[in-house]
Amino acid sequence: MDSHVEAPELQEQFETPAQQKEVSTLGMWIFLVTEIMFFGGLFMAYSVYRRAFATVFGMASNTLDVWLGAANTAVLLCSSFTMVLAVRAAQIGSRKALIVFLILTILLGGVFLGVKAYEWNQKFEEHHVPGPSFHLEGTGAQGPAQLFFSLYFTMTGLHALHMVIGEALMLFLLWQAYTGRYTPSYYTPVDIGGLYWHFVDIVWIFLFPLLYLIARHQH
Amino acid sequence: MITEAVQERENYLNASHGIKSWLLTKDHKRIALLYLHTITFFFFLGGIFATLIRLQLLTPKGGLVSADTYSKLFTLHGVIMIFFFLIPSIPATLGNFFLPMMIGARDLAFPRINLLSWYLLVIGGCFAMYAMLAGGVDTGWTFYVPYSSNYSNTYVIATGLGIFIAGFSSILTGLNFIVTVHRMRAPGMTWFRLPLFVWSNYATALIQVLGTPVIAITLVLLICERTLHIGIFDPARGGDPVLFQHLFWFYSHPAVYIMVLPGLGVISELVSVFSKKPVFGYKVVAFSSVAIAVLGFLVWGHHMFVSGQSVYAALVFSFLSYFVAIPSAIKVFNWTATLHGGSISYATPMLYAFGFIGLFTVGGLTGLFVACLGVDVHVHDTYFVIAHFHYIMVGGTIMAYLGGLHYWWPKMSGRMYPEGWAKLSALIIYLGFNLTFFPQFILGYLGMPRRYWTYPDEFQVLHVMSTAGASVLAVGYLMPLIYFMWSLRYGPIAGPNPWGATGLEWRTASPPPAHNFEETPVVTTDAYDYAALAAMEEAKVG
Amino acid sequence: MGSDLPLFPVQASSVAASVDHLVYFLLAVAVFFSVGIFLTIFYFAVRYRRRSESELPVASHGGMSLEILWSVIPFGLTMIMFVWGASVFFTISRPPDDAQQIYVIGKQWMWKLQHMEGQREINELHIPVGQAVKLTMTSEDVIHDFFVPAFRTKADVLPGRYTTTWFKPTRPGKYHLFCSQYCGTNHYAMIGWVYVMEPQDYQAWLSGGATGSLASSGEKLFQTFACANCHHLSGAPGRGPDLRNLYGTQVELADGAHVKFDEDYIRESILNPSAKVVKGYQPIMPTFQGLVTEENVLQLIEYIKSLTPQEARPPAGATAATSSRKSAKQ
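Chains as they are written, first to last, in this note's numbering: chain A, 1 to 219; chain B, 220 to 761; chain C, 762 to 1091.
Check the hints yourself; a few may be wrong.
[As the list claims (entries may be wrong)] As a list, the in silico DSSO-like pairs of lysine-lysine whose alpha-carbon atoms are at most 30 Å apart:
| hint | chain 1 | residue 1 | chain 2 | residue 2 |
| --- | --- | --- | --- | --- |
| 1 | C | K1040 | C | K1021 |
| 2 | B | K280 | A | K21 |
| 3 | C | K935 | B | K280 |
| 4 | C | K868 | C | K1021 |
| 5 | C | K868 | B | K280 |
Hints listed in this document are in silico derivations from the structure and should not be mistaken for laboratory results.
As the structure is a computational prediction, the values presented were derived from the model and not from experiment.
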């Protein structure tokens, strides 16, 4: 019970802070596995239809702006890097650095979301949003073309939702960091927040090639 | 008075008072009781739907309810029983209460997430109740498209959202259990000293965590299809309605193992304590739970043999389905072998265990019929399948749940239930169950399809038998509701270990203190070491 | 034998007896194990009942040889079930070459059946005894299922594509037809009868009320819609492929993939022509979605099939109750 006196963040059910950290980390990893399964259903549906309608999916994919997508990929990778630096800062107890890196991560995440919003708007103007006014030039297979974009919006939308949740999480961590909550002996939330952030990044690493790059060899 | 002094000893029930101390509790034992109330409510609600279904089917062209209402009845019966009763049942009540105690922990890894799980079940349930009260849903609990996406005029989305939210309840419980078992075992509690109930709940938790997200995304896609017409399941737009079935059954088959595995764990405990012997083949039984969890993910296509999928896919799924039968068979043989040379008590929990083994065996053996390609073509979507899964879910899981409830009742409440009434209701349930569902095997092979509001005259005799059985079964289920509540006030006071069981939960008071153990236990013996227990008792007395 | 047991429906198809025999085997295994377990438990429960609270049995922990024994034997039995079941399933899934084609359209809440000779039936199917019948089925709305318990066959009926099932009736009589995939309010009423008749009675039935064979109706539609303007029947090159001698063959598509020229592909080409365009042709065929009913589609299919004489058709390798769409997907 002494551990509980020395470390006030230590919750009752744990014997030691080390146990609490291990438990929290394992919990986050398992949660991320459930997220893989959640996105997995969408990836599965996408794979099935991509195989069935390769040509049309290729044509639809080629209307996406590969440079914006690539830029967003770079942005997210950078944000993961700043996140790692934030965790490191927490680990060595440098509060200022932690705050700076969290802010950078949040900003980069914001850039990603902004670019995404711009892309979606583009799609809206090109009549590529599934619905009554949908039309993809160059093919009679409008049904499968719409399918591509339905999957595109659902998958990037779900990803964007996770990004927004990530931003909220980062803001929470930022506030806690600002109030000096995190020390080298207790920075678990930063650690597991980082895990979540990296996961959302990795989902994008899969989304980008699948959605944007599949048929770049097609004319 | 001594009894009053015992009553006033501090335990988890009287440690704090007031509604907030329950609704904001972090104590896994209190959360277990919150769940107990919730799922009992859903069980009887689902039971009311079942009663109305059976009454409608008393006569071939009966008009007790309209055809539309009938479709809503069987849909809601399935949705409520599966998602709001069976899936949470044993893990969220008995598992929540006893898993931490069995491993010598003070609580689960994430107590607040545990409470959140309960709230999610309740909120999900509210959505389902809203759907029910606002007009119902009529798609069947399987929600096949295109009917559920493009044709049904009922509250599909509300129900889907309810299930989606309840799904997260299940995921979080599973996550909690996995982390707890990995990281919070008391000193000396190695994996192979864990009670088999823990192994079963662990295996169940694996399925909950891996499978439930898939139904979540499937429901999201269904809702998108229904509202936005994205076309993913719509053949007119290149979509494939059979894709929905694949996504749906990828979860819903493992889900049946979520529903039965914890029950299998309860039976292991009961068979051991009521024969005073360790379970025969402990390691094999432990691994069989994990094997069922893994293999259960590989067989979903056996629900789709006649759906238009390829013959070769059907072959693979049939083949693998036979694999998943073997670990269950192994458990049954091991339990039987445990009885050999034992000291067998006929206390109510053991009667439920006996009933379970018989009915689960029948249910499992009839699974071999439906896994068999040549036979399934004939019996798919008939009453044969209904009988098969009710033998497992009702003859199996619900019996195990009741057995476990009786077994652990004294520990949870500090009171004994009335043994005479309990035995009687166990017998009534057993007889009522068989009379309800055995005729349905015959009905199914004769060709009676599922989800039929009316039926050809020649099926009436069997339907009447089934409905008669259902009324007996209903009586059998009402009796525990009454006597358990009675026992809380008038039942004899129970000691810490009325059954002579070996688990850590029996080393502490009944009801347990809020923090479970006065001191963290140190484990030095295997799970079912009755000799060590006897020696320990002797040492105490001496 | 099965026909006398009130527990089984009559055996009225060539496959019914083999399904029932398989079930007898499964029943025997099930009864053996359930009775065996039941009696063993009963015996142990009585023989080893607790006589005093203080008695402590000898703990037996297990034996690998027993575990192996009661894993391997059940496994062996289940493998027999699998192989036997698969073999019956192959029979159920593969219509014989001489099976007569009948088309089925399911819709909420009725069955529409189309004989090749032109007869249309609603909720009833008249067929001659001893002649194999292959049903090619589609739905106009939701998923249905065509189930005849006496034949021991069923198959889901899907919108947007064809599925198949087959049976060879062996016994004259009147047999239940049920929809067995929940399809809405009147699912329970989407039922009917299969009438298996003696051959001469069937001929008599056929000759009353014929409206012209499916193929001849299809020919009329082909003319009405001026299909021959692009699909010249003379063999001269046109804007669309020559449809003669194509049925059952593999055709090459614009992107190099191949698709089988079968009922599914013909239907898709009528309703969604730009989906799979034949190599060397432009995607200029207009769609006839909304201009033709499912029945019309069947008539056109039969007509186009008739442009490929029997000798020119590849042998029937397609299995029933499968969608040829799988092979049609690129």
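Given pair status - C:K1021, C:K868, alpha carbons within 30 Å: Given that 30 Å is the threshold and the Cα spacing comes to 27 Å, the pair holds.
30 Å Cα cutoff - pair C:K1040, C:K1021: holds, 14 Å
30 Å limit on alpha-carbon distance, applied to hinted pair C:K935 and B:K280: holds, 21 Å
Pair hint B:K280 and A:K21, alpha-carbon separation not exceeding 30 Å: violated, 64 Å
C:K868 paired with B:K280 [C-alpha distance capped at 30 Å]: holds, 23 Å
When each numbered hint is compared with the structure, a violation occurs for hint 2 only.
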